[in-house]
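Given next are the chains, with one letter for each unit.
There are 6 protein chains.
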Amino acid sequence: MEVSQFFEDYEIGHVWITTGRTITETDIVVHAGHSGDYYPHHMDAEWCKTQPFGQRIAHGTMTFAIGIGMSAGEINPRAFSYGYDRLRFPRPVRIGDTLRTRVTVSAKTPEPKRPGLGRVVETKEVLNQRDEVVLYCEHILMVECREAPVPNSDSEDI
Amino acid sequence: MEVSQFFEDYEIGHVWITTGRTITETDIVVHAGHSGDYYPHHMDAEWCKTQPFGQRIAHGTMTFAIGIGMSAGEINPRAFSYGYDRLRFPRPVRIGDTLRTRVTVSAKTPEPKRPGLGRVVETKEVLNQRDEVVLYCEHILMVECREAPVPNSDSEDI
Amino acid sequence: MEVSQFFEDYEIGHVWITTGRTITETDIVVHAGHSGDYYPHHMDAEWCKTQPFGQRIAHGTMTFAIGIGMSAGEINPRAFSYGYDRLRFPRPVRIGDTLRTRVTVSAKTPEPKRPGLGRVVETKEVLNQRDEVVLYCEHILMVECREAPVPNSDSEDI
Amino acid sequence: MEVSQFFEDYEIGHVWITTGRTITETDIVVHAGHSGDYYPHHMDAEWCKTQPFGQRIAHGTMTFAIGIGMSAGEINPRAFSYGYDRLRFPRPVRIGDTLRTRVTVSAKTPEPKRPGLGRVVETKEVLNQRDEVVLYCEHILMVECREAPVPNSDSEDI
Amino acid sequence: MEVSQFFEDYEIGHVWITTGRTITETDIVVHAGHSGDYYPHHMDAEWCKTQPFGQRIAHGTMTFAIGIGMSAGEINPRAFSYGYDRLRFPRPVRIGDTLRTRVTVSAKTPEPKRPGLGRVVETKEVLNQRDEVVLYCEHILMVECREAPVPNSDSEDI
Amino acid sequence: MEVSQFFEDYEIGHVWITTGRTITETDIVVHAGHSGDYYPHHMDAEWCKTQPFGQRIAHGTMTFAIGIGMSAGEINPRAFSYGYDRLRFPRPVRIGDTLRTRVTVSAKTPEPKRPGLGRVVETKEVLNQRDEVVLYCEHILMVECREAPVPNSDSEDI
Numbered sequence: 000m001e002v003s004q005f006f007e008d009y010e011i012g013h014v015w016i017t018t019g020r021t022i023t024e025t026d027i028v029v030h031a032g033h034s035g036d037y038y039p040h041h042m043d044a045e046w047c048k049t050q051p052f053g054q055r056i057a058h059g060t061m062t063f064a065i066g067i068g069m070s071a072g073e074i075n076p077r078a079f080s081y082g083y084d085r086l087r088f089p090r091p092v093r094i095g096d097t098l099r100t101r102v103t104v105s106a107k108t109p110e111p112k113r114p115g116l117g118r119v120v121e122t123k124e125v126l127n128q129r130d131e132v133v134l135y136c137e138h139i140l141m142v143e144c145r146e147a148p149v150p151n152s153d154s155e156d157i
Numbered sequence: 000m001e002v003s004q005f006f007e008d009y010e011i012g013h014v015w016i017t018t019g020r021t022i023t024e025t026d027i028v029v030h031a032g033h034s035g036d037y038y039p040h041h042m043d044a045e046w047c048k049t050q051p052f053g054q055r056i057a058h059g060t061m062t063f064a065i066g067i068g069m070s071a072g073e074i075n076p077r078a079f080s081y082g083y084d085r086l087r088f089p090r091p092v093r094i095g096d097t098l099r100t101r102v103t104v105s106a107k108t109p110e111p112k113r114p115g116l117g118r119v120v121e122t123k124e125v126l127n128q129r130d131e132v133v134l135y136c137e138h139i140l141m142v143e144c145r146e147a148p149v150p151n152s153d154s155e156d157i
Numbered sequence: 000m001e002v003s004q005f006f007e008d009y010e011i012g013h014v015w016i017t018t019g020r021t022i023t024e025t026d027i028v029v030h031a032g033h034s035g036d037y038y039p040h041h042m043d044a045e046w047c048k049t050q051p052f053g054q055r056i057a058h059g060t061m062t063f064a065i066g067i068g069m070s071a072g073e074i075n076p077r078a079f080s081y082g083y084d085r086l087r088f089p090r091p092v093r094i095g096d097t098l099r100t101r102v103t104v105s106a107k108t109p110e111p112k113r114p115g116l117g118r119v120v121e122t123k124e125v126l127n128q129r130d131e132v133v134l135y136c137e138h139i140l141m142v143e144c145r146e147a148p149v150p151n152s153d154s155e156d157i
Numbered sequence: 000m001e002v003s004q005f006f007e008d009y010e011i012g013h014v015w016i017t018t019g020r021t022i023t024e025t026d027i028v029v030h031a032g033h034s035g036d037y038y039p040h041h042m043d044a045e046w047c048k049t050q051p052f053g054q055r056i057a058h059g060t061m062t063f064a065i066g067i068g069m070s071a072g073e074i075n076p077r078a079f080s081y082g083y084d085r086l087r088f089p090r091p092v093r094i095g096d097t098l099r100t101r102v103t104v105s106a107k108t109p110e111p112k113r114p115g116l117g118r119v120v121e122t123k124e125v126l127n128q129r130d131e132v133v134l135y136c137e138h139i140l141m142v143e144c145r146e147a148p149v150p151n152s153d154s155e156d157i
Numbered sequence: 000m001e002v003s004q005f006f007e008d009y010e011i012g013h014v015w016i017t018t019g020r021t022i023t024e025t026d027i028v029v030h031a032g033h034s035g036d037y038y039p040h041h042m043d044a045e046w047c048k049t050q051p052f053g054q055r056i057a058h059g060t061m062t063f064a065i066g067i068g069m070s071a072g073e074i075n076p077r078a079f080s081y082g083y084d085r086l087r088f089p090r091p092v093r094i095g096d097t098l099r100t101r102v103t104v105s106a107k108t109p110e111p112k113r114p115g116l117g118r119v120v121e122t123k124e125v126l127n128q129r130d131e132v133v134l135y136c137e138h139i140l141m142v143e144c145r146e147a148p149v150p151n152s153d154s155e156d157i
Numbered sequence: 000m001e002v003s004q005f006f007e008d009y010e011i012g013h014v015w016i017t018t019g020r021t022i023t024e025t026d027i028v029v030h031a032g033h034s035g036d037y038y039p040h041h042m043d044a045e046w047c048k049t050q051p052f053g054q055r056i057a058h059g060t061m062t063f064a065i066g067i068g069m070s071a072g073e074i075n076p077r078a079f080s081y082g083y084d085r086l087r088f089p090r091p092v093r094i095g096d097t098l099r100t101r102v103t104v105s106a107k108t109p110e111p112k113r114p115g116l117g118r119v120v121e122t123k124e125v126l127n128q129r130d131e132v133v134l135y136c137e138h139i140l141m142v143e144c145r146e147a148p149v150p151n152s153d154s155e156d157i
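Protein chains in written order, with numbering that gives the first Met the number 0: chain A, 0 to 157; chain B, 0 to 157; chain C, 0 to 157; chain D, 0 to 157; chain E, 0 to 157; chain F, 0 to 157.
Rather than coming from a laboratory, the hints here were simulated on the basis of the structure.
For clarity, every value in this text was computed on a predicted model and none was experimentally measured.
Worth double-checking, as some hints may not be accurate.
The list treats identical chains as interchangeable, and a pair is accepted whether it falls inside one copy or across any two copies.
[Stated by the list, open to error] Below, a list of computed lysine to aspartate or glutamate pairs in the EDC-like style, where the Cα atoms sit at most 20 Å apart:
id, residue 1, residue 2
1, Lys107, Glu121
2, Lys112, Glu143
3, Lys48, Glu146
4, Lys112, Glu10
5, Lys48, Glu110
6, Lys107, Asp130
7, Lys48, Asp130
8, Lys107, Asp8
9, Lys112, Glu7
10, Lys112, Asp130
11, Lys48, Glu143
12, Lys107, Glu45
13, Lys112, Glu146
14, Lys107, Glu10
15, Lys48, Glu1
16, Lys48, Glu10
17, Lys107, Glu131
18, Lys112, Glu45
19, Lys48, Asp84
Based on the sequences and whatever the hints tell you, model everything.
Below is the structure:
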């Protein structure tokens, strides 16, 4: 569903949380095949028994893909994704963990170099069934302003 | 294959590049199903025709998973992944694009709060067949030092 | 997202339509593998050239799974699915067709044998990019009544 | 394998049953990704523990796709699928259940509006390992008659 | 379907052929992910353009899995697979090729070391749409004899 | 990674072994769907309980695809695969088994009919977590000679 939301409409501190999804052995096998990452941390149950973490753990790129995917509900046609900062994996994800993503509007700043746009940061935290954070990142959105400021310069960046 | 490499062994400026992989419609359909992100940008060819980008484009989380996955060759038992900074998607990835990942050792810093470890940054750039950067990120590794410094404090961070 | 809706809240004639999804060769190959139906209508491009329909066509069970899946957005905790009537496939679905599902509340009837429940029929039509109906069915929901009628009998049926 | 069978060849009461297939967590994860239906009934093991059914259950559309797929063995070039009536799901399907499909020729009627064709109903019941019916439907086939009746009208229907 | 067939029932020279299956880009991507073989011959369309074969080609292990899978129709409870000899890939398989498998009973020999069993060789040839052989192998079956010979020794082999 | 190796560089008796991969229920379900082989040995847990092997076992073609895939690391641009001899499956592979592939250079012979090439045999054995051989085969490679012999005849064979 499309839900149009301008820069002015984002409220710092607004929080919502997704429904849950249990991570399965299937997800790990599918992700290995999709990404090409067959490291034994994800694929070799015997080797994992000899390691501190004791059992197969999810790929970080998978927790990211599923965590972000769970929060892909409504589409805001006024926004586009600029990138992510400070992507961290504070705790491992194991087979059988159930994840949800908590989204918090954590920052809003005008974007002087891009007339008519503002920068919104949505902090996304993926939580497991014990409410522990297993993934943290700051998703940067560029969002149209309802009333565009006077343009004044060119942008340049990665 | 395991190839042991200590903090001291990483050389700033060292660059290597992976073999290539062509992104297919299959990858996009599989990633939608894996991540649960069915946004029309990835799934609706008719709608995409009405947009500036003109055709279905890859999920950012997929370019990340495949780009990082392509660089998952040798395993360094002396290192673990700490996270990623400044993940950006400067250009869209389209069906039929062929991607490779270029890995550059771009920074090394001691990690005073984690005795025996140093921080290594590998800049990872995913390139298409025209050598354009489609994904940029800074992968942060924590790597064992061959000669551990004197420990002196506790760590705290995300 | 959960959106609670009682029997009384359904309005005959209410219509909504999903976003679109382009059917790919991948979907057909995945569905064959998932269902175990490898009939040449779906799998053998050479044989299909000799047939009136001229090219591979989607499995009916796939159009059903995807068509219903596209309409699985909000969850109504007051309703459960009872079944489907009159499932029909008026036109074939081909690789490259873009489908959307149109949902119409088409009937509401009390359910005397199931105290506190009413029967709601949602007609679901899957449309292609030319707005032609490729799948038609009547989805029967059992929905809680806000004010439960006096119970009076046991239920029995398939 | 093709096995040609005309309308006259179908015998009311003829029954056959397929080999079995165990429903796995993989099937459910694959079906969620294929259909786009990530309802917590199928995906969230923690939430399911709080519900009467107690554990993740299969999508109805998956039981249908696999149940019908299991019965897709011989191809009858004299018949085509017209649709399904009274599709019902009397009992839930759980991970680890083993399903088979029982096919019974349950009705045959001439099809006056479609010269040369007759309507055959195959009742398809999907059974679990305790021989309980988990899916019931009436599959309607249009089958060529060996001796075509005199044509007399046009057809019209969905 | 089970069809019981004893050693004595196999007839040298008996031939049958399967229905066809078109090899898709999806099959190659799925096989790479399933097997972990991401060689550029299968995955890198740009590199393939610089090679004599000019385009991505199927994995040999995939042609084998699909070619043998297509011939897995009837189950003979009197036989088990002993292995394969002389597995060859005379021509490459490309995306869009349509394959069928031709099965020929090519040899029968008593198996003196395994009382009650005989060895049957089914030559399996996978053909493309131009009837060219793309895979050749000799499938060795051990099959029960209807009348078991007098046992006389132990078996030993790989 | 490419590592160029001529016929002369192969050393009889050279052995290496891959990292491990645990075979999952997912692999079996995916392989059934990929190959089209739904035999109850792989798919029907209830039936398997009544058989000597007691539980679902992997498809031979899957153990082959994964076993060979695990050994697909470095690419030798001087070699191509000619085929496989004596493919055997001495023990079943069960869900939860962890496999590795051991590769031994077991034979080298000049190839008089193919000037400039030599034949190298790599014996590939797939081992489970108890170091039992579950798959044995002889992989035949055609490898360029560093110093090509005088050409003298045409080749012919399958």
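Tested hints:
1. Lys107 x Glu121: within (9 Å within a copy, 30 Å between copies)
2. Lys112 x Glu143: within (13 Å within a copy, 42 Å between copies)
3. Lys48 x Glu146: neither (58 Å within a copy, 28 Å between copies)
4. Lys112 x Glu10: Neither. Shortest intra-copy (22 Å) and inter-copy (36 Å) distances fail the 20 Å Cα cut-off.
5. Lys48 x Glu110: neither (50 Å within a copy, 29 Å between copies)
6. Lys107 x Asp130: Neither, since 26 Å and 34 Å both go past 20 Å.
7. Lys48 x Asp130: between (25 Å within a copy, 17 Å between copies)
8. Lys107 x Asp8: within (11 Å within a copy, 38 Å between copies)
9. Lys112 x Glu7: within (18 Å within a copy, 41 Å between copies)
10. Lys112 x Asp130: neither (39 Å within a copy, 27 Å between copies)
11. Lys48 x Glu143: For Lys48 and Glu143, the Cα distance exceeds 20 Å both inside one copy (51 Å) and across copies (22 Å).
12. Lys107 x Glu45: For Lys107 and Glu45, the Cα distance exceeds 20 Å both inside one copy (47 Å) and across copies (34 Å).
13. Lys112 x Glu146: within (16 Å within a copy, 47 Å between copies)
14. Lys107 x Glu10: within (8 Å within a copy, 38 Å between copies)
15. Lys48 x Glu1: For Lys48 and Glu1, only the inter-copy Cα distance (18 Å) is at most 20 Å; the intra-copy one is 47 Å.
16. Lys48 x Glu10: neither (46 Å within a copy, 33 Å between copies)
17. Lys107 x Glu131: Neither. Shortest intra-copy (26 Å) and inter-copy (30 Å) distances fail the 20 Å Cα cut-off.
18. Lys112 x Glu45: neither (54 Å within a copy, 33 Å between copies)
19. Lys48 x Asp84: Result: close neither inside a copy nor across copies, 33 Å intra and 31 Å inter.
Checked against the numbered hints above, the structure violates hints 3, 4, 5, 6, 10, 11, 12, 16, 17, 18 and 19; every other hint is satisfied.
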